[in-house]
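S.K.: Taken in sequence, the protein lines are chains A and B.
Per our numbering, residue 24 is the first one in the first sequence, and the count goes up by one each step.
Per our numbering, residue 24 is the first one in the second sequence, and the count goes up by one each step.
Hints were generated in silico from the structure; no laboratory data involved.
Do not rely on the hints blindly, as some may be mistaken.
[To be verified] Capping the alpha-carbon separation at 27 Å, the derived lysine-lysine pairs in DSS-like fashion look like this:
(1) A:Lys-81 to B:Lys-164
(2) B:Lys-164 to B:Lys-81
(3) B:Lys-81 to A:Lys-108
[Claimed, not checked] DEER-style ranges, computed between Cβ atoms:
(4) A:Arg-73 to B:Thr-141: 47 to 53 Å
(5) A:Glu-70 to B:Gln-125: 28 to 34 Å
(6) B:Tyr-94 to A:His-86: 37 to 43 Å
All residues carry an ideal CB built from backbone N, CA and C; glycine is no exception.
Number of protein chains: 2
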Amino acid sequence: MRRKTYSGMACPIAQTLDVVGDPWTLLIVRDALSGITRFADFQARLEIPRNTLTDRLKLLTDHGILDRRRYQDHPPRYDYHLTSKGRDLRTVIVGLLQWGDQYAGFDEPPVVLVDGHTGQQLDPLLIDRNTGRPLNELNPKPIVTRAGRPDRTDDP
Amino acid sequence: MRRKTYSGMACPIAQTLDVVGDPWTLLIVRDALSGITRFADFQARLEIPRNTLTDRLKLLTDHGILDRRRYQDHPPRYDYHLTSKGRDLRTVIVGLLQWGDQYAGFDEPPVVLVDGHTGQQLDPLLIDRNTGRPLNELNPKPIVTRAGRPDRTDDP
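Pulled out of the complex, with its shape left as it was, chain A reads as follows (with noise of 0.2 Å):
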């Protein structure tokens, strides 16, 4: 399905994207956290082959991101719901958005983020959370540690 394992690579960013570094796959984690929890609503918006929807949604499954319930018994029907696993993705689906709202030439937002109990809209921003500043005033930078190093020392 992809062309290429990252998985041995020592680095949580790679094993990562082993997980969701298909574009589809993070659709639908967007999909889900807007509460889309049926197939045939993933469908819909995303307009994604029924077999490619399938796959990802089991691949989706099978790494514990949604999780996949029965909501009828006859016939027998499911519908996919995010865990806290799949929920933890938000921090990247906030990046590709803000990043998409500066760079791809929007007008006005068309896709802005709401807290879920109150409908306010949110304004994310990333800190750190010893010093509280922002991080892009830090330079941050990913370095690699002696754990990341066990037998191939330059491969992060």
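Position chain B against the provided structure of chain A, taking the given hints into account.
M.R.: Only chain B this time, still in chain A's reference frame:
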């Protein structure tokens, strides 16, 4: 190079994935954030085929994410530097890093994020700028606005 274009979708997330929705592309951005600038260094760290690396560096340069600079005249040689547009992908990279740290089963983090100026380790947290509250407490939902529904009503 990619199977499908997502740029027809009036969604900044889809638009971003249309540019960087390929694992190699994001792994190059990861390495560029670490300070890598030269072809041979990207290649050694990524173990990526030369033609794939050439292709992705061109894509990133064409999109203004990397700036290609001549650093030697005889023979001419070029290196690649992140632009501010490129550095603005940091939230995506941080999101991938944190998710992998939490779920890929590493005993200790193989990659950490440090302040590029001081070297202090960072602990990134996504908050709502208006209230200061962490986004993981707010059940954030991407919602399609009117700007996202010009012709197609259900394709966020």
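S.K.: Of all the hints given earlier, name the ones this structure violates by number, lowest first.
M.R.: Hint check: 2 and 3 fail, others pass.
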